[in-house]
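Chains A and B, in that order, give the protein sequences. Reminder that position 119 of the first sequence reads as 119 in the working numbering, one-by-one numbering, no gaps. Reminder that position 108 of the second sequence reads as 108 in the working numbering, one-by-one numbering, no gaps.
Heads up, a few of these hints could be off.
Identical chains share a label here; the pair holds if one copy fits it or two copies do between them.
[What the hints assert, rightly or not] Simulated crosslink set (DMTMM-like; lysine to aspartate or glutamate; CA at most 25 Å straight-line): (1) Lys216 / Asp38; (2) Lys351 / Glu17; (3) Lys121 / Glu319; (4) Lys292 / Glu88; (5) Lys252 / Glu366; (6) Lys276 / Glu26; (7) Lys96 / Glu319; (8) Lys136 / Glu45; (9) Lys246 / Glu163; (10) Lys276 / Asp91; (11) Lys121 / Glu318; (12) Lys136 / Glu323; (13) Lys101 / Asp287; (14) Lys101 / Glu366.
In short, the hints are calculated from the structure, not lab data.
Protein chains: 2
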Amino acid sequence: MKARVEKVFGHLDPKPEALLLANSVEPHLDGSFFYLFDVPSGLFEGSTAVAYPDGNLDVLSSPLEATSAHLAAKTDRHLTVHVPTSREEGDALLHKLLDSKGSVGLNYQELTHQQFLKFEKMFPSARWVDASTAIKRARVTKDAEELGRLQKAADIGSAVAREIPGMLQEGMTELALATEMNYRMMKHGASGPSFSTIVGFGPNGAEPHYFAAGRKLQSGDSMVCDFGAFYRRYASDITRSFHFGKRDDEMKKVHELVEEAQQAALAVLRPGVPGKDVHNAAAKVIDASPYKGRFMHGLGHSIGLNVHDGWGMNQLVEEPIEEGMAITIEPGIYLAGHGGVRIEDDVVVTKDGYRFLTTAPREYLEVSA
Amino acid sequence: MKARVEKVFGHLDPKPEALLLANSVEPHLDGSFFYLFDVPSGLFEGSTAVAYPDGNLDVLSSPLEATSAHLAAKTDRHLTVHVPTSREEGDALLHKLLDSKGSVGLNYQELTHQQFLKFEKMFPSARWVDASTAIKRARVTKDAEELGRLQKAADIGSAVAREIPGMLQEGMTELALATEMNYRMMKHGASGPSFSTIVGFGPNGAEPHYFAAGRKLQSGDSMVCDFGAFYRRYASDITRSFHFGKRDDEMKKVHELVEEAQQAALAVLRPGVPGKDVHNAAAKVIDASPYKGRFMHGLGHSIGLNVHDGWGMNQLVEEPIEEGMAITIEPGIYLAGHGGVRIEDDVVVTKDGYRFLTTAPREYLEVSA
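Just chain A, with the same shape it has in the complex:
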């Protein structure tokens, strides 16, 4: 896509003469390959893309996705698709495209070291440029097509979040709930979950990256549900925390604090503000409470082609917030042995502030057992 190729080169100074992106074997695929080459279907393992400052793009496609690749090229006159039938043919073509280039950009953040060594050997006189910061800066602000897909992915997540209270049954396992949640996401149009669904009942909610497993839902359990959908390769990421059965005054209080922390972050979120200021606004609320130190992760991250899309927001990030960024805002408090609360929304940064992509209610929902 010409506009995206130009956007990446716009962030490169000095500009390399070409940009070379390479997928290895799944899961080691470069999200930027799919950023520049917008193709609905396929893994494109072992495929490469070469982009140029004038906006043109050559894709060397694996034969396993040749039909989809050719179809994409039909509607994009700046895209040329090649389907080499052997490694030798592919390497010869890469030489033809790159031998005359002095400087070549690579995405160090998503390229395997093995691929790098292969390219170093193939092009001994190339001057390699780390393009990963430029790629990240281009990808972190979204275009209209991307925002449309992110909205749809977020809508799917919001719809399922609204349905969770109706799915809860005493004695069900975390995995059984995750099963229903993933099913509903696909029923609502997701191509699949955007990551391994997190459902933590009771004390398991206190581990931020816990995966759904075998604990059974008991009256008195709080729970953390963190999940997301892929829609046309774009991810959503939403967390809601619920309570089941017997009241737990402490967790209710904790939820209020996390809501307050999220509001505090959103209140300062706008273009130009350093990322750390947004994080710190939330952290300050929690650190002024008896739960100081129980919020031990960054406030959020960019979302896009990957659920953790290259940019993270924590107390060290000086980089300012930009209009068009799609990010999560997800404060949490974790009490080992008891439970956790996290509230996570996807937002787009606007000229003056932000707008929500996720729309599900944020209140603590106490579901009867």
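Chain A is already provided as a structure; the job is to place chain B on it using the hints.
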């Protein structure tokens, strides 16, 4: 896990003094991290592991998975878990563990180039060793624990394959079928699909890596369903081809050929045979038919912690088959504009041959419209 650490070092000659594995951000996680550190839950983004020739393992865990990490260490006296609370603390610990080591192995196949550069800067006097071949050789043959999980993952795939004919309805979309298949996999105990489920109706079956999308099932369609389950981090991968409604004599004939090709490959599959001989046995059957050239991918790949687990089998692979390998055997024939047939089974190589992990029927099933 001591036995796995020792297995990897057993394939390294000369042996480095330590092996350093590093996860970046999802999806750029190193499967080998989870091979050596068997922990049920968590992404462990930004986490590292340092293994030693004596079988010991240090894990520097992200705080987001601290509980799971500590729990795993309780039952493994060769495992030490650290949870640094800052980047500085983590880097200082890595220095303590590695500064005295002259040679350090890295998994070039799954390490990002960015991580490599970070380590190169941190340890300017280290002698880096590419451990990826040794890691691949260790991981490609499975231990009893791995085989148990692979069997369970394959059982889930087989159960769902048996249920597909009962799910088919005229007018349903590919994505609707994929939705039901993924749901059933989780109902049968999967933690999720091991890759984006492939359902190709009619001509879409002719693209090997097509993703399920919007085509509606019509009488006369053949279809390819390629899917798999994750069970305790281990993947299965199964393909079955069906026919719906109005007979299609050509596709039936194509399916017979693919069955014959798979049988031919299985007939020569045993330890000591070069991988290319197994591939060629299947290719020979197809190339002797009117469909010469329509089988344009490798015959199979290893399965394990990744669905494409590091080793692939095609006409170039001289490496011999080994006892204990878990691999797919998946010949196919693809007819552009018409449809495709692929039959894929997961097998374990035994002393004298192989045994199936997948058990679903392999015959062409013609389902009434």
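Here is how each hint holds up against the structure:
| no. | hint | verdict |
| --- | --- | --- |
| 1 | Lys216 / Asp38 | between (42 Å within a copy, 23 Å between copies) |
| 2 | Lys351 / Glu17 | neither (33 Å within a copy, 54 Å between copies) |
| 3 | Lys121 / Glu319 | between (35 Å within a copy, 24 Å between copies) |
| 4 | Lys292 / Glu88 | between (59 Å within a copy, 21 Å between copies) |
| 5 | Lys252 / Glu366 | within (9 Å within a copy, 56 Å between copies) |
| 6 | Lys276 / Glu26 | between (33 Å within a copy, 22 Å between copies) |
| 7 | Lys96 / Glu319 | neither (39 Å within a copy, 31 Å between copies) |
| 8 | Lys136 / Glu45 | both (22 Å within a copy, 18 Å between copies) |
| 9 | Lys246 / Glu163 | within (21 Å within a copy, 40 Å between copies) |
| 10 | Lys276 / Asp91 | between (44 Å within a copy, 22 Å between copies) |
| 11 | Lys121 / Glu318 | between (37 Å within a copy, 23 Å between copies) |
| 12 | Lys136 / Glu323 | within (15 Å within a copy, 44 Å between copies) |
| 13 | Lys101 / Asp287 | neither (53 Å within a copy, 41 Å between copies) |
| 14 | Lys101 / Glu366 | neither (62 Å within a copy, 55 Å between copies) |
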